[in-house]
Amino acid sequence: MTDSTYTVVVAQDIADLVPVFMSNRKKELETLRTALTAQDFAQLRQLGHRMKGVGNSYGFSKVSDLGKSIEESAISEDRTALDASINDYADYLARVNVVYE
Amino acid sequence: MSDLTVSQQRIAAKSEFSVLVVDDDQDMAGYLAHMLRREGMEADTAADGNAALARVVASPPDLIILDVLMPGPSGFEVCRRLKADPSTALIPIVLITALDDSESRVRGIEAGADDFLSKPVNREELLARVNTLRKLHVTRRELEQRRLAAEIERKETIRKAFSRYISPSLAERIIQDLGARDGPFRANAQRIEVVALFADLRGFTQITEHTEVGDVVEMLNDYFAILTEAAYQQDGTIFNMAGDSLLIGFNVPLPQKDAAVRALQCAREMVVRFAPVGRQWEHRFGIATGVGIGICRGEAIIGNIGSPHYMSYTIIGNPVNTAARLMQMAAANEILVCGRFYESVREFVPEQDVRSRGNVALRGRSEPTPVFCIAGSRP
Chain A
1 MTDSTYTVVV AQDIADLVPV FMSNRKKELE TLRTALTAQD FAQLRQLGHR MKGVGNSYGF
61 SKVSDLGKSI EESAISEDRT ALDASINDYA DYLARVNVVY E
Chain B
1 MSDLTVSQQR IAAKSEFSVL VVDDDQDMAG YLAHMLRREG MEADTAADGN AALARVVASP
61 PDLIILDVLM PGPSGFEVCR RLKADPSTAL IPIVLITALD DSESRVRGIE AGADDFLSKP
121 VNREELLARV NTLRKLHVTR RELEQRRLAA EIERKETIRK AFSRYISPSL AERIIQDLGA
181 RDGPFRANAQ RIEVVALFAD LRGFTQITEH TEVGDVVEML NDYFAILTEA AYQQDGTIFN
241 MAGDSLLIGF NVPLPQKDAA VRALQCAREM VVRFAPVGRQ WEHRFGIATG VGIGICRGEA
301 IIGNIGSPHY MSYTIIGNPV NTAARLMQMA AANEILVCGR FYESVREFVP EQDVRSRGNV
361 ALRGRSEPTP VFCIAGSRP
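Protein chains in written order, with the working numbering: chain A, 1 to 101; chain B, 1 to 379.
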């Protein structure tokens, strides 16, 4: 699927940082999946907390929203909700399109 | 300090402002550092509390932006440690907490944090807070520079005021020890134990009667140069120079455990060093000269004495008066000392080098004073 459903407008002055940011999000997705398989809720909570903090700072509000859901679901150890959020995250990362201005 | 200098300092301070960003999230740390660099600041990053503490010790920044949740010591712990260390306590720390996390803010305040940033970090808020702290930093640096300049000026004033009394090495020691106080040159007089040494030139009055004024001044300068050098060599303080006599104090303004020995050594040096000059003068004018010296030890008053128009740092009291009387009694190249002074140097002077003059009734003293002549002083 290559449709760019999610368009994110990012300030031109941080354009240099965005490739590394996106690369780290993809690594993060794999870590989330591994943690869910291992039912490591403490790590899931920590990862969700981190996503929540960093997403909006770069202008990726969806990352922060998903991070908040993952953190809360990890606290309640809700595997179903975690699975759904992580799939949403994977879909988002696959379809996000960054525009600089 | 001129306005231009202040302006130049502001520019320098802006480019020199360094920030340490501490966050285990590489993207967050990178984002914050990037924003600060764009504002002309130096920004470095550390990934955990231990790395941050090591970095601060190695190269103290002007500001620290510190995440709370990190591997190793938390942001609170890092903040607490830095604020507890006097060498880092003044570095401002901004803690990054969640917007709605009032508990973390309270803990941050308790740990000594100077300000807070909320996650997600808003760039305008980041720059506003950092710039406020930077202005405070620049102001504090300027105030510190002005304080240092004032301190240097104050010390220089003291150095100029007192350099004619004391040797350059002693002056430097006093300036070093001065700190924020007025050190030994207190405004109020004090009573302390001193050794007073009076030296006077014998036979000089006769010479002046047969000598041109210009020559007299030149000869006196030669004589005082010799005596002053001997005094400075023993870190004595020159309090008075009048006619052809000189008053020197030991154990003042700084304590000298070996004050008496220094005074004796100074007296001997004066006699020995003047001897060749005295021989030259004798050959030239046919009149024998020499230094007569009186030394006494006791309690004296030290202070700036005089009127608002003329004030002098000096010593007054019994040991000074007695030393003056002993000097008047002393023949050329003779060192006369009071009993109390002799007791202080007895172990350093061979018995055969000392002659008692008995108890002498000195003018102005109600009790007779034991007087000794210390030999080994003749050239």
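Possibly wrong hints are sitting among the right ones.
When the alpha-carbon atoms are kept at most 20 Å apart in a straight line, the in silico DMTMM-like pairs for lysine to aspartate or glutamate are as follows [claimed, not checked]: (1) A:27 with B:24; (2) A:26 with B:347; (3) A:68 with B:347; (4) A:27 with A:13; (5) A:68 with B:124; (6) A:27 with A:101; (7) B:135 with B:39; (8) B:257 with B:144; (9) B:135 with B:124; (10) A:62 with A:40; (11) A:68 with B:39.
Footprint (simulated), chain A over chain B, 3 or more residues, beta carbon under 8 Å [to be verified]: (12) 19-32; (13) 228-240.
By construction, these hints were calculated from the structure, which means they are not laboratory data.
Glycine is no exception: its CB is placed at the ideal position from the N, C-alpha and C atoms.
Item to check | In rising order, the numbers of the hints this structure does not comply with | outcome: 2, 3, 4, 5, 6, 8, 10, 11, 13
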